[in-house]
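Asks: Please build the complete structure, drawing on both the sequences and the hints.
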Amino acid sequence: MAQAAPAPQPATSVPAPDPQPAAAPAPPPPEPQKVTVPTGTSLPVRLVDTITSATAQTGETFHATLDSPISIDGDVVIPAHYEAEGHVVLAQASGKFAGQALLELQLDRIKVGDRWYNIQTDHFKQQTGSRGKNTAEKVGGGAIAGAILGGIFGGGKGAAIGSVAGAGAGGGVQAASKKPDIKLSSERILNFTLQGPVTLVPTNKPAREGQKLDTPAPQQ
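Each residue of the sequence shown is one higher than the one before, starting from 14 at the first, in this note's numbering.
In case anyone wonders, no lab produced these hints; they're calculated from the structure.
Only a predicted model underlies this, so the values are computations on that prediction, with no experimental measurement involved.
Careful: at least some of the hints might be erroneous.
Said to hold, decoys possible - With a Cα cut of at most 20 Å, we get these calculated SDA-like pairs of lysine to any residue: (1) K196 / E117; (2) K138 / R201; (3) K138 / D127; (4) K138 / Q119; (5) K138 / G53; (6) K196 / T68.
As the list claims (entries may be wrong) - Pairwise CB distance ranges, derived in the manner of DEER restraints: (7) K196 / R128: 51 to 59 Å; (8) P41 / Q140: 50 to 58 Å; (9) I202 / L103: 14 to 22 Å; (10) P42 / P82: 22 to 30 Å.
Every residue gets a Cβ at the ideal spot worked out from N, C-alpha and C, and that includes glycine.
Replies: Okay, here's the thing in structure tokens:
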């Protein structure tokens, strides 16, 4: 009699490996260290644009670069050549017969690293001397001289004619002596002073000299 085949053995199951624990998230980067540049700090800048009182408009933007580094406690926080931007507070062209040329500027913001910071500075102001009194003397003197010469050569009528001619000559002298307008050429160094502190992230990254000014939204 044939023997019965042995009963099949149940398959043994291999337990699945435990899942690997999820990697812990990387810690957030540390907050960048900030410094405060105090009120009274000098900001010497070198103009990129040429500005003249004859053509500048109030509110017009001008561009410059920091001429020397800014340091706090011996550490450079803003290297030289970083960009700065300001505006024309007031511009007045030189008049023909009276008045004075006037140019007044203020810095508004400065770039440090890749960020812009709003700043408050004093005003740079340059003006020519008023010529009102001098103008009157020249015109009046010409009229008197003309009247004297006219009286000598033509009597009373000649005096009247000479007076008119002399006044015109006096005015011509004044017009010819019109003082030039104020011109701040590119590369001119202007000195501004902070009128309020500014807190910023310092950088040791050198600025690229001659870089074109971009205009991102100011950051504070």
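Asks: If a hint holds in the structure, say so; if it doesn't, say that too.
Replies: Hints versus structure:
1. K196 / E117: holds, 12 Å
2. K138 / R201: Holds, because 14 Å separates the two Cα atoms, which is no more than 20 Å.
3. K138 / D127: violated, 30 Å
4. K138 / Q119: holds, 9 Å
5. K138 / G53: Distance ~18 Å between K138 and G53 Cα, so the pair holds.
6. K196 / T68: holds, 10 Å
7. K196 / R128: 51 to 59 Å: violated, 33 Å
8. P41 / Q140: 50 to 58 Å: Given range 50 to 58 Å: holds, Cβ gap about 54 Å.
9. I202 / L103: 14 to 22 Å: holds, 21 Å
10. P42 / P82: 22 to 30 Å: holds, 26 Å
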